[in-house]
Amino acid sequence: MSSRPPRTGARLRAGAAPYLFLSPAIALFVAFFAVPIGYTLYLSTRRMKVSGLGLGKGSRREISVGFDNYRATLTDHEFWAGWLRVLGYGLVVLVIMLGLAILFALLLDSAHVRLARFSRIAIFLPYAVPGVVASLLWGFLYLPSLSPIHAVLRAAGLHVNLFDPDVVMFSMANVAIWGGTGFNMLVLYTHLRAISREYYEAARIDGASEFQIAMRIKLPLLVPSLILTTVFSVIATSQVFTEPMTLRPISNTISSTWSPLMKVYRDAFTTGDLYSAAATSIVIAAISLVLSFGFLRVVRKRAFSEES
Amino acid sequence: MRRRFGLTPTALLLLGAVYSLLPVTWVVVAATKSRAELFSSNAFRPGSGFFGNLTELNAYRDGIFWHWMGNTALYAGAGALLSTLVSAVSGYTLAKYRFRGRNLIFNMLIGGILVPSVVLAIPQYLLLSKIGLANTYWSVLLPGILHPYSIYLARVYAGAAIPDTMLEAARIDGAGETRTLRQIALPMMVPGLVTIFLFQFVAIWNNFLLPFIMLADDQKFPLTVGLYTLLATGANQPSLYTLVITGALLSILPLIALFLTMQRYWRTDLSGGAVKG
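Listed in order, the protein sequences are those of chains A and B.
If you count the first sequence from 1, position 171 lands on 171 in the working numbering, and the numbers rise without skipping.
If you count the second sequence from 1, position 50 lands on 1050 in the working numbering, and the numbers rise without skipping.
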């Protein structure tokens, strides 16, 4: 103790300590978030200009093109067709996945269920399966030559090709629903467990049924978690990439620009046009932010109008 | 309290469980089938080819599959460890210190949640290739360390699990800030950090986009990218299907094991403080 100046020294070190402790996070943020975002914005306003035959030094140089790349992206028919596909796919995924997650969470919480632990673990299990492997497994299950699903469908008198252009969207949505329901269920279930049981006791004394308690008490209390899970799901589905990418080798009905993100990948690495890839990825980011903030706004308005 | 046994709720949940287990059960059975059995026999009747498939997978390109498994373990293990450490220190600092710029830094770090990974992955690749780090282990490890949501969770957990009085006592006893962090704060945060570690571990283990963009050399691939390329090359050769199926099964076993043994740490809410059993 005596060897160091006690008060001022300690205070000085405490003063610098928080910045010191946060420096790794800040350095990583700058290197892997701020600089890449800035670089994407920069690239999105540039283009490679090729003069002459494009041979030799100096014949290719980068020039500034303002918003040209954005204009090209925004007027690209295939880009919007991709969004349309993803919108349909996203609606199916969001409604069914979150619907199932809410249903399972409420059932698990209802106390009248046998084998609840087994079901909870089983439904959460797909979370441990990578998207690539999930797509691969379902992809094989969709193949007529391998699939027990086809055997069942045939027995029911249905002849469906699960890779048919009109059906493939649902086949893909199924992969995402299968992979995502368990995690969302766990978020909602955790929230339900944290709610005081006294609410339900009071309602029971008033003669409310389990179903009424679930609909009138539990569901409204779940709203904050539901908003969170919806926003995360919207962001994730608007950037769908892994599932269509993995199903592509098995099926020829999925184009290389099926989803907007696949188009970015193709532009950047197959076509080699980094500049339009940058502009497109900024547009995708903007759209997914608008979608999630738009959803938040709608939700907030709804909540206010119910209050008044 | 009435505790009737509800047939419908139980049946609905079991239906969900069957749906969730269906593809996993299928791959377990399919991995036991030889090539001929795969296309001819009943989908859920075990075959006789498991060890044959395993030998074939071992032999495939000098056992590259096990390389991928090792790479994935390295990316997920080291990545999640570093990520948890950074999140823990940042979360603790943001929860327990009052200093100028605290809210600004917190909001900036948390804002990262909203940035879609696509906006980051391609420029990260371009920037890393400029400094010669693309197509290295670092290119997959480094971008994943900063994880905004983990910092948020660590902050919430530090706020709930570490009483201010403990920190004051440590300071009065003459412990420096670093020592307080190492010997008091971090040990108290361990249960929450295990949860953060597990979620990060799974996220990195399952990641496809980042390594897919960063890596060209298949010796550095993680399982996800390796299996994808195996599928892409094998799509027209059903003879490779058995390899893909066996590989898919082996790739999910470690995570399922981790998942079942660490049951009590899989929580999505850390504000409660201690982990319930």
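Simulated from the structure, these hints should not be mistaken for laboratory data.
This one's a predicted model, so the numbers in the text were calculated from it and none came from an experiment.
Every residue gets a Cβ at the ideal spot worked out from N, C-alpha and C, and that includes glycine.
Hints are not guaranteed to be accurate.
Which residues of chain A face chain B? A partial, calculated answer using Cβ under 10 angstroms [claimed, not checked]:
1. Ala134
2. Trp138
3. Leu141
4. Ser147
5. Pro148
6. Phe232
Structure-based check of all given hints:
Taken as an interface hint, alanine 134 of chain A checks out: its beta carbon lies about 7 angstroms from the nearest beta carbon of chain B, inside 10 angstroms. Satisfaction of the interface hint for tryptophan 138 of chain A is found here, the shortest Cβ-Cβ separation to chain B being roughly 6 angstroms, below the 10 angstroms cut-off. Nearest Cβ of chain B to the Cβ of leucine 141 of chain A: about 6 angstroms, under the 10 angstroms cut. The hint holds. Interface hint at serine 147 of chain A: satisfied, since its Cβ lies 7 angstroms from the closest Cβ of chain B, which is below the 10 angstroms cut-off.
Annotation: interface hint on proline 148 of chain A holds; nearest CB of chain B at approximately 4 angstroms, less than 10 angstroms. Restraint check, phenylalanine 232 of chain A versus chain B: the minimum CB separation of about 9 angstroms is within 10 angstroms; hint holds.
Checked against the numbered hints above, the structure violates none of them.
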